[in-house]
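S.K.: Fit chain B to the given chain A structure using the hints.
For the protein sequence lines, the chains are A and B, in the order given. Using the numbering used here, you'd call the opening residue of the first sequence number 2 and step up by one each time. Using the numbering used here, you'd call the opening residue of the second sequence number 2 and step up by one each time.
Keep in mind that a hint or two might mislead.
It does not matter which identical chain is meant; a pair holds if it fits inside one copy or across any two.
Keeping only pairs whose Cα atoms sit at most 27 Å apart, straight-line, the calculated DSSO-like set for lysine-lysine is [claimed, not checked]:
#	residue 1	residue 2
1	Lys89	Lys31
2	Lys34	Lys140
3	Lys89	Lys246
4	Lys246	Lys45
5	Lys140	Lys288
6	Lys89	Lys52
7	Lys137	Lys62
8	Lys45	Lys288
9	Lys349	Lys52
10	Lys321	Lys349
11	Lys62	Lys34
12	Lys62	Lys45
13	Lys31	Lys62
14	Lys45	Lys34
Hints are computed from structural coordinates only; laboratory data are not their basis.
Number of protein chains: 2
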Amino acid sequence: MKFDPNSLNIVPFVSVDHMMKIVLQIGVEKMLKGIAEYVEDDFKRWELFDKTPRVPSHSEKGVIELMPTSDGEVYGFKYVNGHPANTKEGLQTVTAFGMLADVETGYPVLLSEMTILTALRTAATSAVAAKHLAAKNAKVMAMIGNGAQSEFQALAFKTILGIEEVRLYDIDPAATEKCARNLAGRGLNVVSCTSSQEALEGAQIVTTCTADKQYATILTDNMVGSGLHINAIGGDCPGKTELHKDILLRSGIFVEYTPQTRIEGEIQQLDDDYPVTELWEVITGQKEGRTSDGQITLFDGVGFAVEDFSALRYLRDHYKETGFYEDLDMIADPDDPRDLFGMVQRAKTPEQAAS
Amino acid sequence: MKFDPNSLNIVPFVSVDHMMKIVLQIGVEKMLKGIAEYVEDDFKRWELFDKTPRVPSHSEKGVIELMPTSDGEVYGFKYVNGHPANTKEGLQTVTAFGMLADVETGYPVLLSEMTILTALRTAATSAVAAKHLAAKNAKVMAMIGNGAQSEFQALAFKTILGIEEVRLYDIDPAATEKCARNLAGRGLNVVSCTSSQEALEGAQIVTTCTADKQYATILTDNMVGSGLHINAIGGDCPGKTELHKDILLRSGIFVEYTPQTRIEGEIQQLDDDYPVTELWEVITGQKEGRTSDGQITLFDGVGFAVEDFSALRYLRDHYKETGFYEDLDMIADPDDPRDLFGMVQRAKTPEQAAS
Chain A
2 MKFDPNSLNI
12 VPFVSVDHMM
22 KIVLQIGVEK
32 MLKGIAEYVE
42 DDFKRWELFD
52 KTPRVPSHSE
62 KGVIELMPTS
72 DGEVYGFKYV
82 NGHPANTKEG
92 LQTVTAFGML
102 ADVETGYPVL
112 LSEMTILTAL
122 RTAATSAVAA
132 KHLAAKNAKV
142 MAMIGNGAQS
152 EFQALAFKTI
162 LGIEEVRLYD
172 IDPAATEKCA
182 RNLAGRGLNV
192 VSCTSSQEAL
202 EGAQIVTTCT
212 ADKQYATILT
222 DNMVGSGLHI
232 NAIGGDCPGK
242 TELHKDILLR
252 SGIFVEYTPQ
262 TRIEGEIQQL
272 DDDYPVTELW
282 EVITGQKEGR
292 TSDGQITLFD
302 GVGFAVEDFS
312 ALRYLRDHYK
322 ETGFYEDLDM
332 IADPDDPRDL
342 FGMVQRAKTP
352 EQAAS
Chain B
2 MKFDPNSLNI
12 VPFVSVDHMM
22 KIVLQIGVEK
32 MLKGIAEYVE
42 DDFKRWELFD
52 KTPRVPSHSE
62 KGVIELMPTS
72 DGEVYGFKYV
82 NGHPANTKEG
92 LQTVTAFGML
102 ADVETGYPVL
112 LSEMTILTAL
122 RTAATSAVAA
132 KHLAAKNAKV
142 MAMIGNGAQS
152 EFQALAFKTI
162 LGIEEVRLYD
172 IDPAATEKCA
182 RNLAGRGLNV
192 VSCTSSQEAL
202 EGAQIVTTCT
212 ADKQYATILT
222 DNMVGSGLHI
232 NAIGGDCPGK
242 TELHKDILLR
252 SGIFVEYTPQ
262 TRIEGEIQQL
272 DDDYPVTELW
282 EVITGQKEGR
292 TSDGQITLFD
302 GVGFAVEDFS
312 ALRYLRDHYK
322 ETGFYEDLDM
332 IADPDDPRDL
342 FGMVQRAKTP
352 EQAAS
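So that you can see chain A by itself, here it is in the shape it has in the complex:
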C-alpha cells in the first residue's frame, strides 16, 4: 500500500450518518449483494486468514468483544458489544465500529461505524450460507424475530436467493408490524403471522433472529419439516440459544469457525466433538453441503471476524466514490519519526508560544 506523505496522519472515517447515506446511494440490495460477494471470496481463501476466537470481556449485563483477523496484507478488527437489556434503556443491543490497517506498516487505512455494516454483513453471510445449503428454488422464508436484523435478512434472501415471500412472526406484534412496514413496496410478498407455526407454513427456509439472552426454544422439533434450511442467527453467545437440541441432532450442521461456534452457537448444547462442517469447506467444494432433498440443514451463524473484514473491504473499495466520509487526524506523523516530543512542542498555539 502506498502512503501519501502529506496525509500520513489521516485515517478516513465513515460515520453513522455517512454509512446511512452510502447504503442509500448504493442501494441496500446492491450493497448486500456486493458484500455477499466479498464474503464468499474471503471464505474461498479461508485458510489464508489469521483466525482467532473473538476476545471477550464479560460482565453481568453483557459482553464487549474484539474480533481481529488478517489475510497477511490487510488487518481488520471490530469492536462490538452485546447487551440484551440495552433496548429497555433506549439503547442498541449491539453497537460496533471497526477498522482496516495495512499489515506492512501497521498504519490504519479506514475507520468505520459498524452497527449498520454488521447488520448488512450478517444478512449477506446468511444468504451466502443458504445459497450453498438450502433447497434449490426456495421461494418462501419464515422469519422468527422481527428486530433490527430482520429487514436486512429478508432483502438479502430476496436479492441473493430469489426468495419471494417472507412470513413474519415475533412475540411482540409491534416488531412484526414495523418489519412489514419497512419491507412494503420492495417486491416481497410479506405475510404477518400470529405464531411461529403459522410463519413456517410452506417455508423452505426459516431464519431465527431473536435477542433474549437465555436458552430459548424458538423452534421445537415438531415444527421442523423435512428439507428445511434453518438460518439460526440469534444464538450467538454462551447461554443464548434458540433451537431445541433435538432439532440439532436431526440436522446437518454448518458453522463459520468451529472453535468459536462451539462456545457461542446452537452447538454449545452438543458434545465438543459433535461433527459439524465449516461453511468455507462447502463453498470451496471440499465437503458436501446438503446431501438430500429431505435433509434438514442448519447454518449455526454466530458472526465471524472474516465477515467483518469482507464488509470493511467492500466499504474500502466503495466509500470514496460516494463522497460520504471524513478525514480523521488520528496518526501522529512527526517529520522525524524519532522526534515525537519535538512535534508536540511545535504544536503550540500562538497563545501557548507567547506564555
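M.R.: Okay, now just chain B, sitting in the frame of chain A:
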C-alpha cells in the same frame, strides 16, 4: 454512567492535533505526573482487572496488537503496531489509538489517538517503577537510545523522581543531539556522551530504549555496577532484547504482567519459571522491592493494557476542560432500537428521497 438521550450517537474523539494541544495546555511534566498517579492507582487495584496478554497479529515486517482490559466498570483497549523498519520510510515505528467504553452498556465513551499518549504512559510507568525500585535519592540517569521515547522518560524521571542529570547516548549522534535540544531549558543537566560507558558514569539509573528488532546487547555485564536500577524499555517483543543474559541473572527482576513479559520482555532469555516479581505486588506492599543498597534492580517493561487504561482514564477526566476534542457520530442510534433499517431509510437526502 448516564447517557444524554440527545447524544447517544456521539463519541468524543481526541485527535493528534488535539492531544498535542492538551499536552501543551496541561504541561508535559504535570501530565506525566498525573498519568503516573492514575497508573499507580490502577496498579494498586491490579487484581480487579480483567487481564489477558495482548492479542497479536504477526507479519514479516512487524506486529499489530490489540490490548484490552477492564476494571468491571470501564473497558478499554488500544490498537498498536510495531514496525521497526517504518522509520526508513518516514513512518512511525509505533502508532496507536484506543478507546474507553462503559461496561454496563457497551457504549464507547472516548476515542483517542494514542501514539503520544502511549509515549506519556510508558514514561510515567517507568518512573512509577523506579520510584519503588531505584536507590533513594537517585539524581543521575543514563539514557541509552535517544529516540521518540527519550525526552518523555527524562522528564518523567525529573518530575516524579527528582532526577537532576540525564546522560545521553545513541549509536546515532543526531538522535542524541535532537534529544539534548528538546530537553534544553527544562531544568535538567543534559550531558551528551559518545559511548554507553560514558553515559553510565555516576548514574544510579539507566534507561535503555532502543528500537531495533533483534537480540541486541545494549548493556554488557561489566557495565552494570552495584546498586544500579535498570529501566529496560526497548526489549518489548519476541526476538527483541537489550540486555546481556548475565545482567538478568545478577538482578532482582520486576515485571508488569508475567505471562506477557515472559513472551516479550528481557526475560524471554530465561527459563519460564525463573522467579520475577510483579510491580503491583511491590506497590501494594505484598512483596519486597529493592532488598539492599547494592542490589541491581531491573524493571523489564514491555507495556501493559492496564497502563493504557490508566492513561485513557486520565484523559477522560481532563479532556473536556481543555476544550480540545471533537464529537464523532459513531454509534447508530435509532429512535426505536429495533428499527435500524427504518433509521437508514429516513436518512435519505432530499435528492435521494425524490428519486
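S.K.: Could you tell me which of the numbered hints above are not met by this structure, giving the numbers in increasing order?
M.R.: 1, 3, 4, 6, 7, 9, 11, 13
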